[in-house]
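Participant: Generate the whole structure from the sequences, applying the supplied hints.
There are 2 protein chains.
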Amino acid sequence: MPKKLIVQKFGGSSVANVDRIQKVAQRVVSYKKKGFNLVVVVSALGDTTDELIELANKINSSPSEREMDMLLSTGEQISVALLAMAIHKLGVEAISFTGAQVGIITDTAHTKARIIKINAEKIQEALKRDKVVIVAGFQGISLNQDITTLGRGGSDLTAVALAKELKAYECEIYTDVKGIYTTDPRIEPKAKKITKITYDEMLEMASLGAQVMQVRSIEVAKKFNVPIHVRSSFKKDPGTMIIKEVKNMEEVVVSAITLNKAGAKITVCNVFDRPGIAARIFNELADKGISVDMIVQNVSHLRQTDISFTVNKPEAHKAIKIINKLKKQVGIKDVLQDSDIARISIVGVGMKSHPGVAGKMFEVLAKARINIEMISTSDISISCIVQKKLAEKAVRALHNKFGLAK
Amino acid sequence: MPKKLIVQKFGGSSVANVDRIQKVAQRVVSYKKKGFNLVVVVSALGDTTDELIELANKINSSPSEREMDMLLSTGEQISVALLAMAIHKLGVEAISFTGAQVGIITDTAHTKARIIKINAEKIQEALKRDKVVIVAGFQGISLNQDITTLGRGGSDLTAVALAKELKAYECEIYTDVKGIYTTDPRIEPKAKKITKITYDEMLEMASLGAQVMQVRSIEVAKKFNVPIHVRSSFKKDPGTMIIKEVKNMEEVVVSAITLNKAGAKITVCNVFDRPGIAARIFNELADKGISVDMIVQNVSHLRQTDISFTVNKPEAHKAIKIINKLKKQVGIKDVLQDSDIARISIVGVGMKSHPGVAGKMFEVLAKARINIEMISTSDISISCIVQKKLAEKAVRALHNKFGLAK
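So the protein sequences, as listed, match chains F and E. Numbering of the first sequence is given in this note's numbering, commencing with residue 2 and proceeding in unit increments. Numbering of the second sequence is given in this note's numbering, commencing with residue 2 and proceeding in unit increments.
Every clue listed holds true.
Copies of one chain are not kept apart here, so a pair can be met inside one copy or by any two copies together.
No more than 25 Å apart at the CA atoms, straight line, and that leaves these computed lysine-lysine pairs for PhoX-like:
#, residue 1, residue 2
1, Lys59, Lys24
2, Lys236, Lys35
3, Lys90, Lys59
4, Lys90, Lys113
5, Lys262, Lys179
6, Lys59, Lys132
7, Lys368, Lys402
No wet-lab data here; the hints were simulated from the structure. Only a predicted model underlies this, so the values are computations on that prediction, with no experimental measurement involved.
Facilitator: Here it is in structure tokens:
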């Protein structure tokens, strides 16, 4: 029987120094000795990527994206060589490869390239010779033979894409937390590690601000049904499995509560309620590169309405300037900004078949005397904007009432 | 008329920090604006290579050479990306390449690979589009598609090999000195920068300890007659041209005086003078990896002789241990070591056709009351071992008497 293949991905904090690289090597070797074939994907050491970006910006404040990829891809190349050396030291054969060497072919969208295909012959060949294969995450090579990178968190994508291509038994994502939690344990000490979660819930959580895995990598895992195991680099306990379906899932209505304080709320007051005005506002914002998160518009009174939306705090000032320019043309009375807000979301695929979840959420918040300023819903999540100072209280109340600590 | 092509090589100290990278960019751009085509070869920033080696040794004291090359090649890759960004900042088009990308094909002798061929199409194409081409020094790619490095000082070799392949007008080696000097100006303030020197003299000086250029790169330059210009990264003045022939060269008998204090002298006393004994000793040393520099044996008296030789100081102890083991078998009476020695050499192609240079050298040293302990000669150099404390005095006396300060 051929050996089962596991793809393991270690992030920057897992290889931040010599000691940690040696610990990663020990873990890899322990799996090898259990009889698995291993492909190990590694990120750059600690803060290397940020340091290289800072260095580049000192030289050129708007560096060429091709050259940026040339620069940043060195971070992972250093990691793979060092990890190979550490595994050799433990007496196990290992060989490192850059993204280019293992044929991770991408488009030419430098700094955010998309994988077109993977020519995995080199990996297959090394696995046949019973070597641990170590692959530099985050990078590939374009059809022009230029080095490309896959965007922030791109090592996750490398790992998932390789797991798909090599038909791996599992893709393990090692990180500095023990898995996915029902909510942030720093806010609610009763938060529980989730054993199993669906791709859709994980996607929803990631887009709501959970930073455990890159969104694109979860999308790819979902598309090709790659089983993912998010777990701690520092502990042996199992973490959270991200999979297609969870048995008995319908019993679990809400899987997790997320909190995001990065947004600011902007309200455009007394807009004339006629077709095309909202389009005008949001097209203008998009043209200027501002990405808008929640949008809420109420029914109008006296042919006037208010439109509220959230943007990332650093972009709020720019957004207001843009709208002020539109004031006369569009007929806007006033623009208000509130940066002291937080977004609380409940996430769960069970919601689809359980009516009344939204009502329960609002009731919990009302009982805790927390005012809801905006509401937005998706298929498997409900988000409320509340005052920032009440955010933690809201998270704890919801975590308790939806029974997540059980 | 097509533009003249210059290959420029900048060493680690020339790109040690942001400020220096910007200065290099300014120099490159000034040549571009004068109408030259430019291929720029860059070493790793400052002490990057040494730092990476130290990091590797912390993880594995005898790291795999393949992985070492994977690791070290990142240093030059960082440099080329940053230099490209700095040139862009000055409004000039530039593109960086790794050794692999520009087709520097080597054998598989990791950490000391030899260049087999260069497929320069990518460079030619970029030059046609009027770009400054920046190439990572020191590295190539083996026929197995593994990253290789060319050994210490390998960026010089990259530059010379590219200059040959691209039929460059000149290969400029930028360094932290102004050129090649008649002797070390720290010892003799009257030392003069040499305007022109031959490949053979430069090779002799490099093997005698001058560290301006890698020996292999000079050999390649000589073989293919690549004109080399060694000059300062920090000054605009011309430096030293290394070329095939120097006009009026026969008038210049001695071109330079070198000094090397890195050696230790070992004397094997009262060896029986019979065939095969010297072979036995030096084969044994070679087998144990000790490289021997000068060897001197005098005529024998009473069928016994003394053999003296020099080795690098750190290897002296090991050499003596090896010889002591041979004592009985070979018939050696005693082994002496002297670490307080220095090697003084005079170098010049003119020597070939001027008898009496050796005699003049010995006379100068005698008049300065400096005792000569060993003598060794080549076609274009004469070396004497003297007591270390007298070395600087010897250099100054010779520099003066051979008229090098003129």
